[in-house]
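Trainee: Take a look at the letters that make up each chain.
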Amino acid sequence: MRIPGGLIDRSKPISFRFDGHQMSGYAGDTLASALIANRVRLVGRSFKYHRPRGILTAGSEEPNALVQIDQPGGQSTPNTRATVQELYEGLSARSQNRFPSLAFDLAAVNDFAAPMLSAGFYYKTFMWPRAFWEKLYEPLIRRAAGIGALSGKPDEDAYEKAWAFCDVLVIGAGPAGLMAALAAGRAGADVILADEDVRPGGRLLSEREEVGGSAATDWVAGVVAELEALPNVRIMTRTSVAGAYDGGTYAALERVSLHLGEPGDLPRECFWRIVAKRAVLAAGALERGIAFPSNDRPGVMMAGAVRCYLNRYAAVPGRRAVIFANNDGARRTAADLKAAGFEVAAVIDVRPDSSAVADGPVYRGAQVTGTEGRHGLTKVSFRHEGALHEVTADLLAVSGGWNPSVHLTCHMGGRPVWNPDLAAFLPKEGAIPGMIVCGAAAGVFSTAGCLSDGAAKGAEAASGLGFTAPAPEIPEAEDAAYALKPFWIVEGKGRAWLDFANDVTAKDVRLAAQENYAGVEHMKRYTTQGMAPDQGKNSNVAALAILADATGRGIEGTGTTTFRPPYSPVSIAALGAGGLHKGFAPERFTTSHTAGAERGAPMIEAGLWYRPGYFPRPGERNWRDSCNREVGYVRNAVGICDVSTLGKIDIQGTDAAAFLDLVYANTFSTLKPGRVRYGLMLREDGHVMDDGTTACLGPDHYLMTTTTAAAGEVMRHLDFARQAFCAGRDIHIASVTEHWAQFAVAGPKSRPLLDTLLDAPVDPETFPFMGCGEVSVSGVAARLFRISFSGEHAYEIAVPARYGEALYRDLVGRAETLGGGAYGMEALNVLRIEKGLITHAEIHGRITAGDIGMGRMVSAKKDCIGKAASQRPGMREGPEAGREELVGLRPLNAKHEIASGAHLFREGHPAVREHSEGYVTSCCWSPTLQSHIGLAFLREGRGRHGSRVRMKDHLRGLDTLCEVVDPVFFDKDGGRARG
Amino acid sequence: MRITCPHCGERDRREFYYSGAEDYLHRPGEGAEPAAWDAYLHLRDNPAGVTRDLWHHSLGCGAWLVVTRNTVTHAVLGVETVEKEQDQ
Chain A
1 MRIPGGLIDR SKPISFRFDG HQMSGYAGDT LASALIANRV RLVGRSFKYH
51 RPRGILTAGS EEPNALVQID QPGGQSTPNT RATVQELYEG LSARSQNRFP
101 SLAFDLAAVN DFAAPMLSAG FYYKTFMWPR AFWEKLYEPL IRRAAGIGAL
151 SGKPDEDAYE KAWAFCDVLV IGAGPAGLMA ALAAGRAGAD VILADEDVRP
201 GGRLLSEREE VGGSAATDWV AGVVAELEAL PNVRIMTRTS VAGAYDGGTY
251 AALERVSLHL GEPGDLPREC FWRIVAKRAV LAAGALERGI AFPSNDRPGV
301 MMAGAVRCYL NRYAAVPGRR AVIFANNDGA RRTAADLKAA GFEVAAVIDV
351 RPDSSAVADG PVYRGAQVTG TEGRHGLTKV SFRHEGALHE VTADLLAVSG
401 GWNPSVHLTC HMGGRPVWNP DLAAFLPKEG AIPGMIVCGA AAGVFSTAGC
451 LSDGAAKGAE AASGLGFTAP APEIPEAEDA AYALKPFWIV EGKGRAWLDF
501 ANDVTAKDVR LAAQENYAGV EHMKRYTTQG MAPDQGKNSN VAALAILADA
551 TGRGIEGTGT TTFRPPYSPV SIAALGAGGL HKGFAPERFT TSHTAGAERG
601 APMIEAGLWY RPGYFPRPGE RNWRDSCNRE VGYVRNAVGI CDVSTLGKID
651 IQGTDAAAFL DLVYANTFST LKPGRVRYGL MLREDGHVMD DGTTACLGPD
701 HYLMTTTTAA AGEVMRHLDF ARQAFCAGRD IHIASVTEHW AQFAVAGPKS
751 RPLLDTLLDA PVDPETFPFM GCGEVSVSGV AARLFRISFS GEHAYEIAVP
801 ARYGEALYRD LVGRAETLGG GAYGMEALNV LRIEKGLITH AEIHGRITAG
851 DIGMGRMVSA KKDCIGKAAS QRPGMREGPE AGREELVGLR PLNAKHEIAS
901 GAHLFREGHP AVREHSEGYV TSCCWSPTLQ SHIGLAFLRE GRGRHGSRVR
951 MKDHLRGLDT LCEVVDPVFF DKDGGRARG
Chain B
1 MRITCPHCGE RDRREFYYSG AEDYLHRPGE GAEPAAWDAY LHLRDNPAGV
51 TRDLWHHSLG CGAWLVVTRN TVTHAVLGVE TVEKEQDQ
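Line by line, the protein sequences give chains A and B.
Under the numbering used here, think of the first position of the first sequence as 1, with each following residue one higher.
Under the numbering used here, think of the first position of the second sequence as 1, with each following residue one higher.
Extracted from the complex, chain A is given alone in its bound form:
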């Protein structure tokens, strides 16, 4: 039912469905106001007892009206607050927590078992027998728990995140917030005005009052028009500021398209991080209830919400109303109802001395003692002057006063302060650096007070940043005193509810106190008070008032539970916006990626890089067939492999050589231009960080390579070493990984291949093993390095990345004519294991230079990072340390498998942890040796070459007897690489 007026657009009717029933509303409606206009009172069932529940509030604090919204694509969003959800054409909502239907719910039987389900029920009941927990209790609880249901489908909808920056963030666009924004905006500050509502105005949209001599909504429209015209003011509606963080950072959730039936390309929500030099909190206040028996019946509504539905939405929540209050403000509800033509059956005011004047019969010093009505209110009973009365009514408007919305002021550890005059918690001053609180959030409850306080605080925020302007004129407005008598609960038979969402009663709170869960945080957890999606916004203060009474400590001594972000629910999808699929792990492709993919190479992820595993050929049964063939290319002809993913760091300057001496364990200051040296890098704690080659390209010019995995870490380390230990020295470092495409050309025919490719043949004098220099490829300046990660005569050729793909295709083509071709990561791995060359499988963070047989590389002639620690007892090479050392493993039977991660034991020893003497780090089938082989760390392993160990892999069920050998399996003297 509708009355005239309101802020809805009657020219735009909207049809929607609730639990399958077709209904209609108007643009400007929320789902809740439309349901009320359609005379729907019962909207859901409560969490624990499945009690019938109706709409209680008109805002984001709603505990009852949580519904499931079905989207066209099969997605479904549970726990949507009907009081926040705007109506759109075709909206389909379902009630939650009921089966089979809202009116007839089987689990409502829980309500009859309520005496057994009191606070602490879970703790007391499901304790024993212990064996029942996993099999019986937990599945039972899991099925019964939770409100609403997920669709079970992945959420593929679009969400966004964004940053915003401003001088002054005004949170809340009610009378205080609007004036604050106006004052700061006129002064020239860059202002963001954020409000969770669809339109600015706050309470002014819901009250019948005048501001500056005209209707409050007209005044709001005028201020909004001025703010919109100011280029330095941004108004963000549908945006809830959810959290306050260090450094003036605020989290906010914008509902971008949740109000649209056809959102098109718009994201559903946007998660904002707003960085503000100053903030003005004008978040208003939330009305709180009074606990009385059966106060949770549909038809019982907050008085302020009744006025909101009547005045803003022209929707009628009831035609014969009772008002129950402890304050003057709520008495306006009677006037509004009367003005709309409805009957006020009784105004029940707990204060004996309250005004007797109202638009209906007033009962002073009276209390509501109960309600009736199965699915909605039909009757209210109350006690007045010792006598019990009953009135028929379909609406009971309740107000226990207002709680300032102090939530955001508590997000950095600040505790609100109890104000006995207002019977409310007020924000602690300075709790959030840079935040000022004004209006109802600061306990200023009249409209006039909010207007002037907002103007003052907005100007204060701006002038703190150096922006000044004459203060805006304060229009005339409602200026009544906040007259209230603290009143929390009507004593009597029957359950008096506090937390409607979690079914917590006043009795539960007292029980908690009685059972010594008397601290406010303990009471919260014992009863679940305030732990539902609404976080007890309109019930927490009443609950702790009752706790304070039960413990005799008073509210001040009881304190509040901790307010934590978010203020209102934030979807995980919005928090993680952009983090799905490639957003979570971006892809890095080499220049040869397309060419590799064309050859059908399956890609292996190496960090963010994608590298070809192998290049399958027709007739090959599996990856190992391909790998064996590719190993053969390198051992017998020539293979081509993209090695661009290795980190490349350009180091220049007159102090560059000294710098390399500091960061590498071995010496680089003796390296001559045109030469390359293998380098071992230690962490300051003496363990190996990374290894790679560094080439001297010219005087004071070096190119360092790192492993693919550690490229970022090494760059950071070099930055630190240079800035912390070489300040003021002439050293310049730049990562050039992406600037160069680099390819290994490996195998006995590598030089003949290059001779056909390069503009001049490879000069063996310029390019001995570990030589480097400039070459020219079809006129393109390139770098050639004679280095080998395969043990063969090999080169790496580097060209600017833009030539990478062309060069790769050319190289592979030439290799194929020579009986070789492309090889992938699998073959690369086999080739290096056959040569005992290490990767991060070996240098895994707990390894010293000595462990990998490079102890003597730590130069005695100079200092280096990690040197001191590497010389500690226990870190040095030698039998006294008893360290695990790198060895090779060959199975006695060549066909027996070796597995990475498997542990090593002495023959005859039990294969249990206590007897482990080492572990395998790398393994492969070696086509060259026609045997499985492995690299391993074995206790004092270098002295055990020729002996046997037992490799046991409990996971894979492998038990292989191996011979301990030198880690270099193939071409031990290195003649092939040097030749």
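Check each hint, because a few of them may be wrong.
Claimed, not checked - Quick list of in silico lysine-lysine cross-link-like pairs, DSSO-like style, CA-CA up to 27 Å:
(1) Lys84/B <-> Lys862/A
(2) Lys153/A <-> Lys493/A
(3) Lys485/A <-> Lys379/A
(4) Lys84/B <-> Lys867/A
(5) Lys161/A <-> Lys277/A
(6) Lys507/A <-> Lys48/A
As the list claims (entries may be wrong) - One-sided and incomplete, this derived list gives chain B residues near chain A with beta-carbon spacing under 8 Å:
(7) Tyr17
(8) Leu25
(9) Pro34
(10) Ala63
(11) Trp64
What the hints contain is simulated information worked out from the structure, not anything from laboratory work.
Even glycine gets a Cβ: it sits at the ideal position worked out from N, Cα and C.
Let chain A serve as the given structure and place chain B on it in line with the hints.
Mentor: Just chain B now, with coordinates in the frame of chain A:
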């Protein structure tokens, strides 16, 4: 949390990599006693109050910074580049 990089200005902490206490700047000289190295590598204060630690502007200019901040209030009290600290 916001850190004002001397090169880039005020930025969100997500642009920075956190390393640890500034102790790491005071590297013992060659030949220092093992106890000095032990202290350098491992012994750290855990103050409730003002602390100085190292941050790398890894998604910015690459500068290593000494950030002075209060672990109780989370206030950032000062930022200086490591290079400048060490040059003095």
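Trainee: Take the hints in turn and mark each one as holding or not.
Mentor: Quick rundown of the hints versus the structure:
no.: 1; hint: Lys84/B <-> Lys862/A; in the structure: holds (26 Å)
no.: 2; hint: Lys153/A <-> Lys493/A; in the structure: violated (46 Å)
no.: 3; hint: Lys485/A <-> Lys379/A; in the structure: holds (26 Å)
no.: 4; hint: Lys84/B <-> Lys867/A; in the structure: holds (26 Å)
no.: 5; hint: Lys161/A <-> Lys277/A; in the structure: holds (21 Å)
no.: 6; hint: Lys507/A <-> Lys48/A; in the structure: holds (15 Å)
no.: 7; hint: Tyr17; in the structure: holds (7 Å)
no.: 8; hint: Leu25; in the structure: holds (5 Å)
no.: 9; hint: Pro34; in the structure: holds (7 Å)
no.: 10; hint: Ala63; in the structure: holds (7 Å)
no.: 11; hint: Trp64; in the structure: holds (5 Å)
The earlier numbered hint that this structure contradicts is number 2, and it is the only one.
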